[in-house]
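Novice: Chain by chain, the residues run as shown.
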Amino acid sequence: MGTPRLISAAVRDVQCGEDVVVVQPCNLYECSLGSHCRVGPFVEIQKGVVIGERTKIQSHTFVCELVTIGSDCFIGHGVMFINDLFQAGGPARGDTTKWRSTRIGNGVSIGSNATILPVSIADGVVVGAGAVVTRDLTERGIYAGNPARLLRRL
Amino acid sequence: MGTPRLISAAVRDVQCGEDVVVVQPCNLYECSLGSHCRVGPFVEIQKGVVIGERTKIQSHTFVCELVTIGSDCFIGHGVMFINDLFQAGGPARGDTTKWRSTRIGNGVSIGSNATILPVSIADGVVVGAGAVVTRDLTERGIYAGNPARLLRRL
Amino acid sequence: MGTPRLISAAVRDVQCGEDVVVVQPCNLYECSLGSHCRVGPFVEIQKGVVIGERTKIQSHTFVCELVTIGSDCFIGHGVMFINDLFQAGGPARGDTTKWRSTRIGNGVSIGSNATILPVSIADGVVVGAGAVVTRDLTERGIYAGNPARLLRRL
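Chains as they are written, first to last, in the numbering used here: chain A, 25 to 178; chain B, 25 to 178; chain C, 25 to 178.
Treat the hints with care, since some could be wrong.
[What the hints assert, rightly or not] Quick list of in silico lysine-lysine cross-link-like pairs, DSS-like style, CA-CA up to 25 Å:
hint, chain 1, residue 1, chain 2, residue 2
1, A, Lys80, B, Lys71
2, C, Lys80, C, Lys122
3, C, Lys80, A, Lys122
4, B, Lys122, A, Lys80
5, C, Lys80, B, Lys80
For the record, the hints were derived by calculation from the structure and aren't laboratory data.
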């Protein structure tokens, strides 16, 4: 019988611009936040993530390695980003060459509880709440559903 | 290079009845909880929210401004409420006149990971786990899916 | 006017093997974690849950009573397990005889934001991100969607 080793979530080694506010508890490490970013409570942002200026990351959201988010984005509550597609029938288990990247443009809005697989999302796209984004969204518009489909152009 | 300003989630300025229990860490502020309410950990409830007696708010749930929840409701884990429909193609960015309200009746049960857009939900309605509710639910019944549809009447 | 009674999430009465790591804040109580398990931040695991060796439970996930998870599983971020189907038109409200159990086999991978109703999932199954699993998954394969359907065999 062992006892678990307890580590604490923390905000550490975060590169950031001016006027960045983070509501703890959060687990943010080795990532970069542009000036005037806001990060809500219960958020995890992993190493290597780069987030542009004035972008808001709302509560309960998870941003994994290999994600880049532009400026003036709004990432809702409970949004989960993904870098591992389980392509070999299971997780990469540390083989990061199997992970894929995500690139979110500028002025993108992502609704709460959305799930974002490794894709590219164009500037100004709106992703509806609860959507599961499985493909690149290259055209400016509003997308929703599981899997996410274009509802209308913007 | 700046350093982030760190704020801590807290339970502050909460009006509440008798026998209310909150599991921290939570971020609850300027809201009202009826007697005998229970709130799980990792929950955020924003200002102006009113919650009736004996209602349970489970872990990981986010209740935004302009939401009213009745008595004897069960709000599952990871439920996200929404007040901003991105109707101008993006978030209201502080213009709260663009937000819309949500009214949850009495005895409503909402399954875990459900997403609730600004709607009205009638007394006694059951929303299935993982549902995305995009329209008013005026008839007593069980609703599920994305978008949520009536499965059967109650 | 009352004041809420504040309880703190904690890691308490957890049976565990060797080399188990938990990132706090977490709410883990009266459960069992096999050797080499990893548990991310903002996780709740309720009493009676049994988790096998080398299984990873990622951030923001909720594992309710009556869930058993095998060895070498990967449970993504924001995954919600459910034991109450609201079968009487609402929650069991403490009548645990109405709850149903979930059994997850070995080597199962569950994508982020998935919702798992009380079901049995066979060894080696992959559940896609954002899926809502409403039925037993007895055949090894990849399942996705709301409700989850077989995408392809493995």
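Novice: Now tell me if each hint is right for this structure.
Specialist: Checked hints:
no.	hint	verdict
1	Lys80(A) / Lys71(B)	19 Å, holds
2	Lys80(C) / Lys122(C)	29 Å, violated
3	Lys80(C) / Lys122(A)	18 Å, holds
4	Lys122(B) / Lys80(A)	18 Å, holds
5	Lys80(C) / Lys80(B)	29 Å, violated
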